[in-house]
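*Asks:* Sequence:
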Amino acid sequence: MFRVFVFLAVVIFPAAYVFADGASPWEQGQDLEQFYTQYCSAPNLEKHYFPSLDTQQLATLTKLTSEVLWADLSEDLVGHEGSSTQVFGRLRTLGHPIAPAFTSMLQQAAKEPMRTKYVYAYNTNADQRSYVVDTFEKLGKSDAKFGAAMLTVLECRIIRNVKSMDPFVASRVAQVKAIKLPKVSTSSAKASSNGGYSEPDCSCGGGNFCYGPRGGHYCITSGGKKAYVKH
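Sequential numbering from 1434 applies to the sequence shown in the working numbering.
Hints listed in this document are in silico derivations from the structure and should not be mistaken for laboratory results. Incorrect hints may appear among the rest.
Unchecked claim - Label-pair distances were calculated between CB atoms; the ranges are:
#1 1577 x 1543: 37 to 47 Å
#2 1616 x 1470: 46 to 56 Å
#3 1460 x 1597: 13 to 23 Å
#4 1480 x 1534: 23 to 33 Å
#5 1615 x 1485: 46 to 56 Å
#6 1474 x 1558: 24 to 34 Å
C-beta: ideal position from N, C-alpha, C; glycine also.
All chains, please: the whole structure from these sequences, using the hints.
*Replies:* Below, the structure written as structure tokens:
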């Protein structure tokens, strides 16, 4: 699949906006709404920024961008401050409309059982998340103009998701809601022989063990891999 991405970057050289000072449009001091109005108004952003791609190539690139959008949002949903919460905060401060579905998603992510489900999905999909982000970055670096267009599309979709809830994100949220968590003890914290512990509110998710101060600085997932958790 990555060969397909590299091929796209070599043969397509789209004109794209590059943010003048390299800052994200939602950071303090940047005009988020001006950026959105100027660069994110096209209904189909990928088709707008990559007009020379055929249908299959466009679908491949759109899928990759969607996966990176979800990977980025996943950070917010497990309690790390990511791009989406920054956009959410800026829009709320400005008094601009925010999608009710997005607000509801954030509220549910802070409560059980969705809190544990999001953390469980985050831990389980660590390798996939790393793969898509790495692929996106490698493709973006293969050509400056192509990469600038990719970044612009991603930034637009991050903002648009807060404003109107991206259909791809909505489908992933539905998948997380349908997760049936492994059964864990609801009594006191359960210790393991190597110093970890598991409990209902363990940030590592059901069936995993946390290590470090209460809440865990890192987890050993059900797959046996170490996944770091920020606190």
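*Asks:* Each of the hints needs a verdict: does it hold here or not?
*Replies:* Cross-check of the supplied hints:
For residue 1577 and residue 1543, the hinted distance range of 37 to 47 Å is satisfied, since their beta carbons lie about 40 Å from each other. Between residue 1616 and residue 1470 the CB atoms are about 50 Å apart, so this pair conforms to the stated range of 46 to 56 Å. Distance hint for residue 1460 and residue 1597: a CB-CB separation of about 22 Å, consistent with the stated range 13 to 23 Å. For residue 1480 and residue 1534, the hinted distance range of 23 to 33 Å is satisfied, since their beta carbons lie about 24 Å from each other.
The beta-carbon spacing between residue 1615 and residue 1485, approximately 47 Å, falls within the hinted interval of 46 to 56 Å. A hinted range of 24 to 34 Å holds for the C-beta pair residue 1474 and residue 1558, which are about 32 Å apart.
When the structure is compared with the earlier hints, no violation turns up for any of them.
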